[in-house]
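Q: Chains as they are written, first to last, in this note's numbering: chain A, 1 to 387; chain B, 1 to 202.
Check before you lean on any hint, since a few could be wrong.
Stated by the list, open to error - Straight-line Cα separation of at most 27 Å, DSSO-like style, residue types lysine-lysine; simulated pairs: (1) B:Lys84 to B:Lys131; (2) A:Lys256 to A:Lys191; (3) B:Lys167 to A:Lys110; (4) A:Lys280 to A:Lys253; (5) B:Lys186 to B:Lys150; (6) A:Lys110 to B:Lys84; (7) B:Lys202 to B:Lys150; (8) A:Lys89 to A:Lys218; (9) B:Lys167 to B:Lys144; (10) B:Lys197 to A:Lys110; (11) A:Lys114 to B:Lys186; (12) B:Lys131 to B:Lys150; (13) A:Lys256 to A:Lys280; (14) A:Lys110 to B:Lys186; (15) B:Lys58 to B:Lys186; (16) B:Lys144 to B:Lys186; (17) A:Lys272 to A:Lys256; (18) B:Lys186 to A:Lys280.
Stated by the list, open to error - Some chain A residues well away from chain B (every beta-carbon gap over 10 Å; in silico): (19) Thr39; (20) Glu43; (21) Gln50; (22) Ser64; (23) Arg90; (24) Pro141; (25) Tyr222; (26) Gly238; (27) Ser263; (28) Asn306; (29) Ser385.
None of these hints come from the bench; they were simulated from the model.
Where a beta carbon is used, it is the ideal one built from N, C-alpha and C, also for glycine.
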Amino acid sequence: MGRLIYLDNNATTQMAPEVLNAITEAQSVVYGNASSMHTFGREAQRLVEQARDNIASLLDCDSSEITFTSGASESNNTVFMIAKSLIEKRGGGRIVTTTIEHPSIMETVKYLRKCGIHVDQAPVATDGSVKLDEFEKLMGPDVVLVSVMTGNNETGTIQPIETISQIAHKYGALMHTDATQAIGKLQLSCKKWNLDYLSCSGHKFYGPKGVGVLYAKKGIPYEPFVHGGEQEHGRRAGTYNTIAIYGMGVAAKLAKENIDEESRRLWTMREKLREGIVAKVPNVVVNGCNDRQHCLPGTLDVSFENVEGESILLMLDIAGIAVSTGSACATGSLEPSYVLMAGGLDVELAHGSIRFSFGRFNTMEDVDYVLEVLPPIISRLRAISTR
Amino acid sequence: MDSFMAQWVYTDTVKDHFMNPRNIWNKDENWVPDASGEVGSLACGDQMRVGIKVVDDKISDIRWLTYGCASAIASTSMMSEMVKGMTLEEAYHITPEMITDQLGGLPQHKFHCSVLGDKALRAAIDDYLEKNGRENPFRSSIAKIICECKGVTDQMIEHLVATDQAKTLEDLQRLTGYGTGCGRCKARIEHEFEEMKHIHGK
């Protein structure tokens, strides 16, 4: 077995050893239901509350504003259903979002439209950033909710959430951001950005899978998405996933300590790879944004002309390198990445796109290995291509 | 991780043909075919070009190029091995199922979009017969009737899509009257229509 290099950290991350140790230890002793009043329950509750404090500290909000969910998809669904309910109660209103959100928002938008809810989607520029003038044209006093992701999973482009939040509030709308990709890589502040809602998941920053958070500002409209017991003060029913929640809390504490240094490290690796690819492989297009201020530090999306993405992905996989692609062939649909297409990328280039996403466990040697393996793969596939 | 790596998305045969494709049309080789055919488009994510040499109405040599995913590359490679030495008639009747069987199977969602090698080969045989001023006795023999009430075949659909006469299902219905009898063919016709649009880059 040769080398294995994981460069798909935007899909999910390996758990940090600190997280793994903490939850392994807790798992064997803490099994009570965090809602129970006895010793076992109180010990579980202590871990949940500790996690809540760590996450509130990372998101710069109050612990009471944090609700635990099964992940960002559930958090996103919850926010959009709150907006649906508000619109129905008021007998009118709109939601404004973008064309590059995660499927948990894109598909929810389709569902809401079927239910008769009006949703507008602001377009993005070629660098993947929301066109602010077009966005503001969509705004009006009838807008109930604005939802714009903090950083994109494919292009890595970071949106000016603080500015968008100001615009949203100017029109009296509630402001939501899906910060799933940005958490742990970008300093987030619910207070400074004046956010009403924020979604994130544990597994994108070295925590466990199956746990996430919905931040909802104190006093802001709220309705549970999962109805049932009194957990989370009636905001989200279901027995506490204590161990995963605890693990996400440990991950949040680590993220808070390491965020600046980690971001610098990720950006250095990303830039080394970008420069290497551009120098060694002809006819490539780097997608999204290329300045440090507006790009998630570990994300690099590149299109290779005249080669199809799934072929590149599988040849890299055989060489032990794990990446992802925006090609249609990888998903079984006929359309390539809607995110890349939304930025106006040529459909052929979208089929030939590869996303490299770095994480805490990658090294500069990984970049060297990719730069050794990738160019001959592209040449080989180009040699058998019709173009 | 060994067991994990062993369970690849495709069969070992697909992997072999993907990593070591046979009969590549090397651009530097100066290989001149007697006829060639091309299907698909880069915009659709799959494109294939097939060149053939013909001796005594048998395929004596074949070369190909493919832009596409692993199963597109592997299936064209497999097809090129299968048809060498076949008569034009035999080669014309190669189906995606025959290629897929030789590959040991493909995931369901890959079957329709990526197995285009047989179509590129048929286009090359059509080209050969046309270049030699000969009748094409094979074309009608492989037509499959999809709408029995109105006698609509897959080839009629392909022709109407390829020549831009049917850009929408409404066009297709107007031109062929499909689905106006018993109506049972509707789903299959729509599927065929989408597939042909994909193959011809429409």
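Q: Run every hint past the structure and note whether it holds.
A: Checked hints:
For the hint pairing Lys84 of chain B with Lys131 of chain B, the CA-to-CA distance comes to about 21 Å; that is within 27 Å, so the pair holds. With a CA separation close to 16 Å, the supplied pair Lys256 of chain A and Lys191 of chain A stays within the 27 Å bound. At most 27 Å may separate the alpha-carbon atoms for a hinted pair to count; Lys167 of chain B and Lys110 of chain A meet this at roughly 26 Å. The straight-line distance between the Cα atoms of Lys280 of chain A and Lys253 of chain A is roughly 39 Å, outside the 27 Å bound, and the hint therefore fails.
A distance of roughly 12 Å separates the Cα atoms of Lys186 of chain B and Lys150 of chain B; the hinted pair therefore holds under the 27 Å criterion. With a C-alpha separation of about 50 Å, the suggested pair Lys110 of chain A and Lys84 of chain B falls outside the 27 Å cut-off, and the hint is violated. Under the criterion of a C-alpha separation no larger than 27 Å, the hint pairing Lys202 of chain B with Lys150 of chain B is consistent with the structure, at around 25 Å. Between Lys89 of chain A and Lys218 of chain A the CA atoms are separated by roughly 21 Å; this keeps the pair inside 27 Å, and the hint holds.
Taking the CA atoms of Lys167 of chain B and Lys144 of chain B, the gap is near 21 Å; set against the 27 Å cutoff, the hint holds. Pair hint Lys197 of chain B plus Lys110 of chain A holds up; C-alpha atoms about 25 Å apart against a cutoff of 27 Å. A threshold of 27 Å between alpha carbons decides the hint, and for Lys114 of chain A with Lys186 of chain B the separation of about 24 Å falls inside it, so the pair holds. Using a Cα cut-off of 27 Å, the hinted pair Lys131 of chain B and Lys150 of chain B is violated, with the two alpha carbons roughly 33 Å apart.
Between Lys256 of chain A and Lys280 of chain A, the direct Cα distance comes to roughly 37 Å. Violation of the 27 Å bound is thereby established for this hinted pair. A C-alpha spacing of about 25 Å is found between Lys110 of chain A and Lys186 of chain B, which places the hinted pair at or below 27 Å, so the restraint holds. With a CA separation close to 39 Å, the supplied pair Lys58 of chain B and Lys186 of chain B exceeds the 27 Å bound. Proposed proximity of Lys144 of chain B and Lys186 of chain B is supported: the alpha carbons are some 15 Å apart, at most 27 Å.
With a C-alpha separation of about 25 Å, the suggested pairing of Lys272 of chain A with Lys256 of chain A holds against the 27 Å cut-off. Restraint check for Lys186 of chain B and Lys280 of chain A: the C-alpha separation of about 51 Å exceeds 27 Å, so the hint is violated. A cut-off of 10 Å between C-beta atoms confirms that Thr39 of chain A is not in contact with chain B; the least separation is 41 Å. The claim that Glu43 of chain A lies off the interface holds: its Cβ sits roughly 36 Å from the closest Cβ of chain B, which is beyond the 10 Å cut-off.
For Gln50 of chain A, the condition that its CB be more than 10 Å from all CB atoms of chain B holds, with the nearest at approximately 34 Å. No Cβ of chain B approaches the Cβ of Ser64 of chain A within 10 Å, the least distance being about 43 Å, so the stated non-interface status holds. For Arg90 of chain A, the non-interface assignment is confirmed: its Cβ lies about 39 Å from the closest Cβ of chain B, beyond the 10 Å cut-off. No beta-carbon of chain B comes within 10 Å of the beta-carbon of Pro141 of chain A; the shortest separation is about 40 Å.
The claim that Tyr222 of chain A is not at the interface with chain B holds, since no C-beta of that chain comes within 10 Å of its own (minimum 40 Å). For Gly238 of chain A, the non-interface assignment is confirmed: its Cβ lies about 32 Å from the closest Cβ of chain B, beyond the 10 Å cut-off. Every C-beta of chain B lies more than 10 Å from that of Ser263 of chain A, the closest at about 29 Å, which supports listing it as non-interface. For Asn306 of chain A, the shortest C-beta to C-beta distance to chain B comes to about 6 Å, within the 10 Å cut-off, and the non-interface label is violated.
Chain B draws Ser385 of chain A into its interface by the beta-carbon criterion, the shortest separation being 4 Å against a cut-off of 10 Å.
In terms of the numbered hints stated before, the structure departs from hints 4, 6, 12, 13, 15, 18, 28, 29, listed from lowest to highest.
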